[in-house]
Amino acid sequence: MDLNDTPEQAAYREKVRSWLEAHSAEAPDVRSTRAGAEDAGYLAARRAWQGKLAEGGLAGVTWPQEFGGQGLGPIEQVIVNQELGRAGLPGILDVIGIGMLGPCLIAHGSDEQKSRYLGPMLHGDEVWCQMFSEPAAGSDLAAVQMRAVVQDDGSFVLNGQKVWTTNAQFSSYGLVLARTNVDIPKHKGMTMFIVPMDAPGVTVRGLRQISGEAEFNEVFLDDVRIPAENVVGGVDNGWGTALTVLMFERLTIGLGSEGFGYNAARFAAALSSDPVAAKDKAVRKALGEIGTDLLALRFASYRTLSALSQGQIPGPESGLAKVTTVNAAIAAGDLIADVVGPDALDEDNEWAYMISFLPGLKSAGGTEQILRNTIGERVLGLPPEPRLDKGIPFSELRAKEKEGALA
Amino acid sequence: MDLNDTPEQAAYREKVRSWLEAHSAEAPDVRSTRAGAEDAGYLAARRAWQGKLAEGGLAGVTWPQEFGGQGLGPIEQVIVNQELGRAGLPGILDVIGIGMLGPCLIAHGSDEQKSRYLGPMLHGDEVWCQMFSEPAAGSDLAAVQMRAVVQDDGSFVLNGQKVWTTNAQFSSYGLVLARTNVDIPKHKGMTMFIVPMDAPGVTVRGLRQISGEAEFNEVFLDDVRIPAENVVGGVDNGWGTALTVLMFERLTIGLGSEGFGYNAARFAAALSSDPVAAKDKAVRKALGEIGTDLLALRFASYRTLSALSQGQIPGPESGLAKVTTVNAAIAAGDLIADVVGPDALDEDNEWAYMISFLPGLKSAGGTEQILRNTIGERVLGLPPEPRLDKGIPFSELRAKEKEGALA
Amino acid sequence: MDLSLTDEQEFLREAARGTLSRFKIIEAAREAQDKGLGELPDLWPAAREAGWAGLLISEEHGGAGLDVFDAMLVAEETGRVLAPVPFLGLVPATAILDAAGYDGLAAIAAGEVRPVWIPARPPGDLEPAWTVDGPGAARPAAPTISGEGDSVTVTGHAAYVVDAPGADLLVVTGVDGTVAVVDANAAGVSVEQVVRYDVTRALAHVTLENAPGTRLAVDAAVAADAWYVAQALIAAEAVGTVQTTLEMSVQYAKERFTFGRAIGSYQAVKHELTEVLRRLENGRSLLFYAGWSRADAPDEFPLAASAARSAAGGALDFAARSNINVHGGIGATWEHDAPLYFRRAQLTRRLIGGHGDATDRVAERLLAA
Amino acid sequence: MDLSLTDEQEFLREAARGTLSRFKIIEAAREAQDKGLGELPDLWPAAREAGWAGLLISEEHGGAGLDVFDAMLVAEETGRVLAPVPFLGLVPATAILDAAGYDGLAAIAAGEVRPVWIPARPPGDLEPAWTVDGPGAARPAAPTISGEGDSVTVTGHAAYVVDAPGADLLVVTGVDGTVAVVDANAAGVSVEQVVRYDVTRALAHVTLENAPGTRLAVDAAVAADAWYVAQALIAAEAVGTVQTTLEMSVQYAKERFTFGRAIGSYQAVKHELTEVLRRLENGRSLLFYAGWSRADAPDEFPLAASAARSAAGGALDFAARSNINVHGGIGATWEHDAPLYFRRAQLTRRLIGGHGDATDRVAERLLAA
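In the order they appear, the protein sequences are chains X, H, G and V. 464 is the number that my numbering gives the last residue of the first sequence; the numbers go up by one with no jumps. 464 is the number that my numbering gives the last residue of the second sequence; the numbers go up by one with no jumps. 377 is the number that my numbering gives the last residue of the third sequence; the numbers go up by one with no jumps. 377 is the number that my numbering gives the last residue of the fourth sequence; the numbers go up by one with no jumps.
No wet-lab data here; the hints were simulated from the structure. Do not take every clue at face value.
To be verified - Simulated coverage check for chain X against chain G, where a stretch passes if three residues somewhere in it have a Cβ under 8 Å from a Cβ of chain G:
| # | stretch |
| --- | --- |
| 1 | 292-305 |
| 2 | 329-337 |
Said to hold, decoys possible - So these bits of chain X aren't anywhere near chain H, every CB distance computed over 12 Å:
| # | residue |
| --- | --- |
| 3 | A82 |
| 4 | P121 |
| 5 | L129 |
| 6 | L146 |
| 7 | K171 |
| 8 | A193 |
| 9 | S229 |
| 10 | G263 |
| 11 | V340 |
| 12 | G345 |
| 13 | L365 |
| 14 | E374 |
| 15 | E442 |
| 16 | R444 |
| 17 | L445 |
Every residue gets a Cβ at the ideal spot worked out from N, C-alpha and C, and that includes glycine.
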C-alpha cells in the first residue's frame with residue numbers, strides 16, 4: 058500500500074506544479090459557473106484560462122496528441138486535478154466537453170468533425186453541452202422522443218425538448234440524441250447530432266432548482282435544421298454513441314470525486330461550536346455515522362485511483378460513492394439544522410442551500426434505484442428485471458404502456 | 058370516538074366474564090404450547106379447557122349455530138379474547154382449526170365432512186394443522202410441489218414435504234394443499250385434502266429455530282393414501298379453498314393482535330434501571346422511536362376493531378402492523394443488548410430469546426416484501442409486477458425458470 | 009369500540025375542507041416564494057367565519073366548546089393544503105385563556121381579538137426549567153414574569169413564534185410556569201416577522217422588555233397542557249400534509265412510465281410508498297390516542313401527544329423526501345409543488361421543540377412509568 | 009498511488025486462507041451449539057505454525073516484524089470462516105509487549121507462550137478514565153496497578169475478555185494508563201470462561217485480586233494504540249464475515265425462484281444486496297485508512313480505526329440480518345449456517361467497547377479537530 062507517486066508520476070507532478078506556479082497570476086478565482094451566464098466577464102476569464110491550460114498541456118491530458126492532447130493516462134489527469142486544487146486554482150471550464158463529448162467525437166466522429174470541433178473545444182473557445190435527457194426520458198434514456206426527420210436534401214429537422222442541460226446557456230454546440238426511426242425498437246432508431254446552440258429554433262431556458270438557482274437548463278428545439286454532416290456515428294446508431302459518452306462520464310466522475318465539498322470536517326466544525334450539541338450522545342452518534350461514511354469515501358477514491366493507475370476503468374460500483382455522499386450529506390443537513398434550528402433554514406445560510414440542493418442531486422445522473430439495479434446485475438451477477446419493452450417498435454410503445462399490455 | 062362497549066356488547070361482556078369467573082378454577086395455566094408435545098398432561102388440560110369453553114359458548118363464537126357455534130360477530134370474539142386475557146386464562150388450544158380451517162370446511166366442505174369433523178374440532182378432541190407451505194413454496198404458495206396422484210379406486214396417493222407447520226406434533230388432521238394436475242398453470246392444478254396425521258407415511262419432525270426451540274414442524278408424506286371423500290372443495294379447486302383459509306387467517310390475526318408481547322413499557326423497564334442509559338440521549342432517541350411505533354399499534358388495533366364492529370373485514374394494510382411490530386422489536390433488542398451488554402445474549406436471557414426469535418418471525422406468514430407488494434397494489438392501487446409464470450403448465454415451469462426463458 | 013367520527017365531526021372536517029378549497033393556496037405559495045408574502049391569501053376572515061377562533065372556548069364564553077381532537081381535525085385540513093392560517097398559534101392560547109376564565113374570551117371567540125401562544129416547553133428530567141425555542145442546542149429560559157397580583161411585567165425573548173405576526177395578544181408562559189397575557193401593542197413588546205424556508209408558516213421573534221401584562225389564574229399544568237396541545241396539532245397538520253404528498257406520489261407513480269412499465273410497478277417505488285402509508289397510518293393512529301387521552305385520560309396526554317408528533321413528524325420528513333424522489337429530477341425544481349411540502353417538513357421539524365424533543369419526551373415518559 | 013497488496017501480503021492472505029480451509033469450522037460450530045465447545049477444532053497449533061503469534065513482533069525478537077495492516081489481512085480470513093482462533097486477543101498484546109521490549113518475546117513469537125490483552129478503553133472527552141467492558145451503560149474503571157518499580161500488584165475485574173480462556177499471560181492496562189503483565193496462573197488471578205451467543209468466540213471474565221505482575225516500560229500512548237489495533241482487527245474480521253454472507257446471499261438469490269423469477273431479479277432483494285455491497289466496500293476502504301495511518305500517519309489512527317470498526321460493524325449487522333431475510337424462513341432455522349453469522353454479529357457488536365463506542369469516538373475526534 059503506497060499512497061505516494063511513482064518516480065515518473067512525481068516528476069510529472071513537479072512539472073505541473075511548476076507550470077501552475079508560473080501562471081497562477083493569470084487565473085481567475087474559483088467560483089461556480091452554474092449561474093454563470095449572468096457574469097459574462099467571469100466566463101470569458103474562465104475560457105481564457107482554459108486556453109492557457111491547454112497551451113500548457115494541462116487540458117485534454119488523456120486526449121491523443123494528434124488532437125492537441127497529451128496522450129497520457131487517467132492518473133496524470135488526477136495529478137493535474139490535485140495540483141489545481143492544491144494551488145486553489147480553477148480547472149477547465151468545459152469539463153463536459155473535454156471529459157465526455159470530445160472523447161466521443163474522437164471515437165465516433167468523422168475526420169471533418171474532429172478537425173473542425175476538437176481544437177476550439179480544447180481551448181475553451183467553444184463550450185459544449187450534452188443534450189440527452191428529456192422530460193420522459195431520464196432513467197430510461199432510450200425513451201427519447203425528440204424527432205429528427207430527414208428532408209429531401211438529406212438534412213434533418215429536429216423538434217422536441219431536452220432537460221437537465223448543464224452549461225447550455227453559454228454553450229456553442231450541443232451533442233443531441235434524437236429519434237430518426239420510430240418503426241423499430243426504441244434502442245435502435247436514434248441518431249446523435251451536433252447542434253449549434255445559435256441555430257434558429259433553439260431556445261434555452263434556465264431551470265430553477267429548490268434553492269431558486271438555475272443549476273440546469275431546458276432546451277427547446279423547434280424546426281431546427283441540421284445538415285447531414287452533423288450526424289455523429291451514423292444514422293440510427295445513436296444509442297451506441299450515447300453509451301460511449303456515458304462511459305466517459307463515469308470515468309470523469311471517477312477522476313474527480315471531490316464529493317461536492319461534503320466532508321466530515323466541515324460538518325463537524327458546524328457542530329463543535331455548540332457545547333451542548335458536542336456532548337449530546339444522539340448528536341455524536343449521527344455525526345459519527347456521517348463522518349464514517351465520508352471518511353470511507355476518501356480511501357474509496359484512492360482505491361479507484363489505484364485501479365486507474367493499473368489501467369482499469371471504474372465499474373458501475375463506483376456509483377455507490379455518490380449514494381453514500383448524498384445520503385450522508387442529507388443526514389448532515391438534517392443534523393446541523395436540528396442543532397442550529399430554523400436559522401439554518403434561512404435562504405442565505407449555507408446549510409439551507411445544501412438542504413435545497415441535495416434532493417435534486419439525489420436523482421441527477423440517474424436515480425439511486427437504477428444505479429442499484431445496474432450494480433446488482435453487473436457487479437453481483439444477479440438476474441435482470443424482466444424487460445417488457447424489448448423488440449417493440451417505438452411508435453407502438455406508448456399505446457401499449459397505456460393499455461397495460463406490457464404488464 | 059368511543060372506546061367503550063355498546064349496551065349490547067357490555068351485556069355480552071358481562072355474560073362472558075361471569076362464565077369465566079364461575080369456571081376459572083377448571084382452567085390450566087397459560088403456557089406456550091409450541092414445544093407442547095413434550096408435556097402431554099398440559100396438552101390434555103388445554104384440550105379439556107377448550108371443550109369447556111365450547112360448552113360455555115366461548116369457542117367458535119363466530120361459527121354458525123348449526124355447527125355448534127354462537128353465530129355472533131367478530132367483535133364478540135374480541136370481547137371473549139379480551140376477557141380471557143383480563144382473567145389471565147388461556148384461550149382455545151386450536152386457534153388455527155377454529156379460526157381458519159373450520160370456517161374453510163364450513164364454506165367448502167361436504168355435509169359429511171362438516172358433520173364428521175367440526176364437532177371434535179370445536180371441542181378440542183381433534184386438533185388440526187394447516188399444511189400449505191413447502192420448502193419451495195413460501196411467498197409463492199401456488200408453487201406447491203406435493204403431488205397427489207389419483208388411483209384406480211378413486212383414492213389419492215400423496216408424496217412430498219410441508220414445512221412451517223404449527224401444532225403438527227399434536228394434531229389429528231392436517232388440511233393439505235397438493236398438486237393433482239401438473240399439465241395446467243400452477244394456480245389451477247391444486248386440490249385440498251383432509252389428511253389424518255396418523256396415516257401410514259406421515260412423519261412429523263420438529264424444526265428448530267435460531268433459539269434452538271422447535272417452534273414449527275416439517276411434515277413428510279410418503280405414499281400416503283387418502284380416500285376421495287377427503288377432498289375439500291373439489292379436485293383442482295384447491296387454490297380457491299386455500300384463499301378462503303388465508304382470508305380467515307387475516308381475520309384471526311386482526312382479532313388477536315396482541316403484538317407478541319412486544320410493548321413499549323416492557324422495553325422501557327429494561328432500560329430505566331440503568332441510570333446512565335436513562336440519561337443517554339442516543340438511548341432515549343432510539344427508545345422514543347421504538348415506543349412511538351408500538352404505542353401507535355395500540356390505537357391501530359382499536360381502529361381495526363372499530364372497523365370490524367361495523368362489519369368491515371380488515372384489508373391487507375393491517376399487515377403493516379406486523380412490519381411495525383417486528384422492526385420495532387428488533388430495534389429494541391439491539392438497543393437493550395447494547396446497554397446491557399453481552400449478558401443480554403446469554404441463551405437463558407429473555408432478550409437473547411427475543412433476538413433469536415425475531416428473524417424467523419420477520420418472514421413467517423409471508424415476507425415483508427410480499428406484504429408491501431400486496432399493499433401497494435391493493436391499497437394504494439399501484440400496478441402489479443409483471444407475472445412471468447401466468448398460463449404456463451406447472452410441469453414446464455421449473456425448466457423454463459432454469460433456462461431464464463421467463464425473464 | 010367506535011373510532012368513527014361523529015356527524016358533527018364529519019361536518020366540521022368537511023366544512024374546513026370546503027372553506028380552504030376556496031383559496032388557491034399552493035399557487036399563492038409559489039408566487040410568494042418569488043414575490044413575497046403579500047401574495048398569500050388572508051385566510052383569517054374565513055377562519056373566523058368558520059368559527060375556528062372559538063373552537064376550544066366554552067359555550068358560555070361564546071365559543072363552540074369542542075375538544076382538542078376537533079381542533080386536530082381542522083389542523084389536518086390546514087396541513088393538507090399548507091394553509092397559512094394562524095391556527096397552530098391560536099389554539100393553545102385559547103386553551104389557556106379558557107381555562108383561566110379570561111375576561112376577553114367573547115371577543116376572542118368571535119375572532120375579533122387574535123391571541124397567540126408563545127411556545128414554552130415544560131420541564132423534564134434532563135431540563136428542569138421552562139424553556140422557549142431559540143437557536144442552538146441549549147434551549148433559552150422562558151421569559152420572567154415579575155410582580156405580585158394581577159399586574160405583572162414580562163421580560164424575555166422567544167424565537168420563531170408561530171403565528172405571532174399580526175396577533176393582538178401574547179400568551180406568555182414564564183420560567184416559573186405561571187402565565188401572563190401581554191397586549192402585542194404594549195410598550196416594551198417587539199414582534200419581528202421572519203421567514204424561514206416555508207413561506208406558508210408565519211413566524212416572528214418576540215422580545216419583551218418590562219412589558220406590562222396580566223397574570224392568568226392557571227397553574228403550571230395548564231401551561232404544560234398547552235405545549236402538548238400544540239404537539240398534537242402539529243401532528244395532525246403533518247398527517248394532512250403526508251396524505252397530500254402520498255396522493256401526489258401515487259398518482260405520478262401510476263402515470264409515469266419507464267422501461268415499458270409504470271414506475272409504481274417497480275418494487276423500489278412500491279415499497280417506498282407503502283412505507284409512507286405505514287408511517288401515515290401509525291401517525292393517524294396516534295392522533296386518536298392524543299385526542300382520546302386529552303379528553304378521557306389526561307395523564308397519558310403528554311405521552312400520546314409527544315408520540316403523535318414524533319410519528320407524524322417522522323412520516324412527514326420521509327414522505328416529503330419520498331415525494332420528490334418518486335417524481336425524479338422534475339420534483340426538485342422551483343416550479344413544482346413537491347418542494348413546498350419539503351419546505352414545510354424541514355421547518356416544522358425544528359419548531360416548538362422540534363421532532364427530536366418530542367421523541368425524547370416519549371422516552372422520558374416511558375422511562376418514568 | 010498503489011493500494012494493491014504486495015506479493016508478501018498476497019502470500020500471507022492466501023496462506024491464512026489455506027490454513028483455515030483445512031478445518032470444517034462452520035460444521036464444528038453447529039455441532040458445538042448442540043454438544044458444547046469441545047466440538048470446536050483447536051486452531052492454535054496451525055496458527056503457531058503459520059507464524060501468526062509473532063506477526064507484529066520485531067524480527068530481532070523472533071517475530072515477523074509486520075504491520076497491523078498485515079495482521080488485518082489475517083483477521084479478514086479468520087472472519088470469513090468464524091475461526092475460533094485466539095488472534096484478536098493476541099495481536100494487541102504483542103503490540104504492547106514488543107513496544108516494551110518484553111523479556112519473553114521469543115517464546116511468545118514462537119507461540120509457546122500465549123498472551124492476551126485485556127481491552128482497556130482510553131479516556132475521551134466525556135469519560136476521563138481508562139475503562140474496561142462490563143455489563144450496563146456505565147463502563148467500569150480499569151484495574152488498579154499498585155507498587156513502585158517493576159514488581160506490582162494488580163486488582164480489578166474485566167468482563168468478556170476475548171481469547172482469555174487458556175491464555176498464559178494477561179496484558180493489563182491500569183486505570184492510570186500504565187501496563188503490567190500478569191501470569192494467568194498466578195495467585196489472585198481468576199479466568200472464568202463464559203459463552204455468550206457465539207460459540208466461536210472464546211470469552212472469559214477476568215478477576216485480579218492483588219495479583220503479582222510486572223510493569224512494562226511503555227507509556228499510555230502504547231496502551232491506547234492497542235485499543236485501536238483491536239478496533240482495526242475487529243473491523244477486518246467483520247469485513248471478512250460480510251464477504252461470506254454476501255456470497256451466500258447472492259448465490260441463493262440466483263438459485264431460488266418465486267413467481268417464475270429468481271428472487272435476485274426483484275428490486276427489493278437486489279437493492280438490499282447492493283446495500284450490503286455498499287457497506288462492505290465502505291468498510292474495506294476504511295481498512296486501508298486504518299492500516300495506512302497506523303504505519304504512516306499515527307495521529308489519524310484512532311479516527312481511522314474507530315471509523316473502520318463503525319463502518320464494518322454496521323455492515324456486519326446489516327449483512328447478517330439481510331442474509332437471513334434473503335433466505336426466508338429456512339435462514340432462521342437451527343440447522344442453517346446463516347444464524348451462525350448472525351450470532352457473530354450480535355456478540356461482536358457488544359465487545360471491546362461496542363460499535364456504538366467506536367462511532368462516538370469518530371465523532372469525538374472530528375469535533376476536536
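Handout entry: Hints the structure fails to honour
Key = Violated: hints 1, 11, 12, 15, 16, 17.
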